[in-house]
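Same order as they appear, the protein sequences are chains A and B. The end of the first sequence is residue 517 by the numbering used here, with every number in the run present. The end of the second sequence is residue 923 by the numbering used here, with every number in the run present.
Simulated from the structure, these hints should not be mistaken for laboratory data. Think of the CB as a built atom: it goes at the ideal place given N, C-alpha and C, for glycine as much as any other residue. Do not rely on the hints blindly, as some may be mistaken.
[Unchecked claim] Only pairs whose alpha carbons sit at most 20 Å apart, straight line, appear in this in silico EDC-like list of lysine to aspartate or glutamate:
(1) B:846 - A:213
(2) A:228 - B:806
(3) A:309 - A:86
[Claimed, not checked] Beta-carbon label-pair distances, calculated as ranges:
(4) A:268 - B:621: 50 to 60 Å
(5) A:218 - B:614: 36 to 46 Å
(6) B:635 - A:502: 14 to 24 Å
(7) B:552 - A:377: 51 to 61 Å
[Unchecked claim] One side only, chain A facing chain B, incomplete, derived with CB under 10 Å:
(8) 1
(9) 2
(10) 10
(11) 216
(12) 349
(13) 491
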Amino acid sequence: MSLIDLLLTAEAARAHRAVRRTAYRHVHLADRPLIVVAYNLSGEAAAPLGIMYGTDPAAPKLVVAAEPRNRECRFDAINKFAEDLDAYVRPFLTLKTEPKRGGGFRQVASGAPQVIVPNRATRSYLGSRLGRSLRYLGLAGTHDVPEATKWAGSHLSWLAEHANLPGQANFLAMTETLSEHFATGQSALEDESLAALLAWIDGVAGDLLAELERVELEEAFGPVPNPKWEAKLEPHVKRWGDGLRTDDAAKMAAAEAAVRTAVDAALTDAYAATHRAVDILRAIDPAATVPDRWANDVYEWGAHAKRAKTGIPMFARRHDALRAAAMLQRWSAAADELETARAFDDPMIMARLDAEGRCVTGAITSVDAQNKEVKPGNQRATRVPLVELSLTGATRLLAGEVVRWVGDKKIRGVVRSVDDGSAVVAVTDQVKAFDTYAWSPGVEVMFVGLDPWEGPNPWGPDEIPWTHKEATTTELAGEAEPGDGATDGSPDMTPAELAEVVVVGTVAPDAEPGVVV
Amino acid sequence: MSGMRGQATSPSLDGIRGTLPRARANARSVAALTQNPGCTRRRVIDSAGLPAHDLAAKLGRPTLRGQSPFAIEGGNRFEDRLKERSGYGLLVEALAPYVELPMPPGLVVEDVNQVGGKVGSKAWMDARVAKTDEVLAKITSGDSTAPHIVDHPVLRFDLAGAEVNLEPDALAFRVGDRLELVEIKSYPIIDGQADPGKLSATAGQTAVYHMALRSTLERLGFDPDLLVWSVILVAPRNFGRQPVAHRVPLKKKSLSLSRVLSAVPKTAEVLAGLPADLTFDVDPGGTMDEATLRAALTKAVQQVGALFVPDCVTACDMAAFCRAEAWAKDDPARLGRDARDNLAGVHTLADALRLAEDGPAAGEDELADVAEALGAARSAIVRARSLVPTADLTPVPAVPPAGGAA
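Chain A on its own, in the form it takes in the complex (with noise of 0.2 Å):
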């Protein structure tokens, strides 16, 4: 935690209400994102007790599957979901033409789909759980699904995949995002329960503490459902597996409707915190940058749009160390890029560089503007203009380090000398754009020691890098099958197996499974 959080986090914890934590809004919302809830049912891997989805605050669609451990029942409420998330993702599938720069054509995608969840977890279960457990469907032998259910896998793993890259906005988890742009009072961990955040946003009637332990003991936006809940929820499940085996509609019925009422209850609030998180941010202005990351989006949102003109896009269990490598380097380089363009757009982001003592902030004390010198490589003089400043913090720059300007980044120039008091730097690139701004004694300016790389990237790996030749830290980095599904298994239970499931009732919290009490 930088210094400046936590002062930030004192000010939220001391006035009981979030403080910003940046001036803008760094990711890109969409006119209509799609916005997912889901709650799973614990001890299975992918087995949604329900799902609620939609566009539209009002009128969210709602699948259920009273007892997510029989096949049929499971894949009623899936294949309905399949379907919406298809039909609202096939419209980003359409390719346009556009002329390429330096000639040619190019073929890219007209949109991208932005799917938003509560949280991480919810995150993480849609893409790497249940989109994981729906793309090699159909495959080697194992169960068939409908069409668009394979569909519906093979998008939720390329937005699992693409959510690792920093800066995307296309699956978006509502308690990150928000926790980028807001500080609250509270810790990280804590802050990865959204309705606990949204209290500290926009504030509660009475005690704060209260409400927020009312929420930690009675809210859960999914996928994990509240233990008590379930502990409820528990006799009806049952009921519809009795209902099953004796053939009994009315107690299927019965139970389907008892759980689809709270199903309901528990994931219309988890929506509606959702779509209250998406208007919070949607009310902060934009930053400059976030139109080019969702560009890059789109961009790449186009290689899978490309890959489905021929049939549903594959993706291998694990990636061939060479690709592994070669997604690593691109996302530690967007973390770079991410972190100084986020830098440039917003000062409350800056302000963390220049507490770090990352950057020369003073006033301006004397301009050389017409100082000439010989650069490296170079037969004539040119202007290199001096910038003297007296400092105004600290800063832990040393004289040759390459710094920017904050006020207009293209303007590039190296610490000259540096001491506690003052600092001159020299302005190397880009002299005609400085001539254009007032530089003048008394002027507060801060130069910044950051330096992006902006052309392309030079160390893309060709070969296996060392690093990842052999796993060796634990053996289960190991043993992956080929890409189909045959040897997934499947959470199925038979009628019979369903009949001798026990009713357990409420936990202790220190129980264990197969611990004799």
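Given the coordinates of chain A, assemble chain B onto it according to the supplied hints.
Here is chain B on its own, set in the frame of chain A:
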């Protein structure tokens, strides 16, 4: 257990517990202790064998954690299928890549639960400990009739002066080979990868078993290196119920655990700092109404200091109570270790703001460095805020502090 006799001036663990029912320590509580060894309150509650979630409920701050009945049921079924239902055949099959054991009926299993006596009683526990020792002796002495699988052994372990009983899921052993620790979990391993948080919790928990098993072997006079430095995790593979086994290395975790535990103060030292008449059994007769009980218990519990950090919320049943206390004290540690370290010597968040705004007051010379850094950060914020004329960048006025612990 816990026959701790403190000095005359310090309370005894039995006295602290009084007539309250005894809770059993488990590997999770030992792991929790090692995550937050500085918390005296947790130490006292664990050592005295108090049920923390009951305490928390009586204190009016019920535990925030809970377990899903579906997850518990699923976990029980999975373990049952591996063991009883398949005559341990499924477990043997899953373990095959790491230990080759004979399939039933050639397989010898020792179920340590089956020792007679009332289940859950002290005698039963003692019998299981004795049985485990006996079986371990058989294994280490190279007895050819030694079991291949020891189901639910009980390891008695001295936790900084207090005894705890631990129950790993199973041990696997092949004559002439080494001893393997086995842990059965019901979370899935998808394409060879488990949820990192859950995997790390399992590693923490099994490291405790590992350490306890090593010390049991030492106590019995055998070479602890008979035990492999890892655990075989058996969990459902992908989305089904078929088990898959993976070896998880434990050496680093187990060794660092031993180091942490050898550094935590002995229970006797912890008790020495507490009032001699301390008891959490404030209402042995059961005559108090809820509010009186809460007040009396709050007073008793607050005599023992706590160290609240954010992780407590996921690991400790007392978390809500301690958090409310930390709120009332405005303690920076509740934001995390980072915050506490960055604010070394600053005891409240309000002080941090004051130092940032006004610098150190007279007599706060030792805080000059922190104050300077905070001041620099504050002026950076002020500068940034002045650059963007958006009203809601500046926080709303302070509200009077509320939400005290009691």
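Results for each hint:
1. Only pairs whose Cα atoms come within 20 Å are accepted, and residue 846 of chain B paired with residue 213 of chain A is accepted, the gap being roughly 17 Å.
2. For the proposed pair residue 228 of chain A and residue 806 of chain B, the alpha carbon gap of about 26 Å is over 20 Å, so the pair is violated.
3. The suggested pairing of residue 309 of chain A with residue 86 of chain A holds, with an alpha-carbon distance near 15 Å, which does not exceed 20 Å.
4. Taking the beta carbon of each, residue 268 of chain A and residue 621 of chain B are about 51 Å apart, inside 50 to 60 Å as hinted.
5. The hinted range of 36 to 46 Å is satisfied by residue 218 of chain A and residue 614 of chain B, whose Cβ atoms lie roughly 45 Å apart.
6. For residue 635 of chain B and residue 502 of chain A, the Cβ-Cβ distance of about 23 Å falls inside the hinted range of 14 to 24 Å, so the restraint holds.
7. One distance hint, 51 to 61 Å for the beta-carbon pair residue 552 of chain B and residue 377 of chain A, holds here, with the actual separation near 57 Å.
8. Checking residue 1 of chain A against chain B by beta carbon gives a least distance of about 4 Å; that is within 10 Å, so the hint holds.
9. At about 8 Å, the closest approach between the beta carbon of residue 2 of chain A and any beta carbon in chain B falls short of 10 Å, and the interface hint on this residue holds.
10. A cut of 10 Å between beta carbons decides the hint on residue 10 of chain A: the least distance to chain B is about 4 Å, and the hint holds.
11. A hinted interface residue such as residue 216 of chain A counts as satisfied when its beta carbon comes closer than 10 Å to some beta carbon of chain B; here the least separation is about 5 Å, so the hint holds.
12. Evaluation of the residue 349 of chain A hint against chain B yields a held restraint, the C-beta minimum of about 8 Å falling below 10 Å.
13. For residue 491 of chain A, the suggested interface contact is upheld, since its CB lies about 6 Å from the closest CB of chain B, less than 10 Å.
Consistency with the previously given hints fails for number 2 only.
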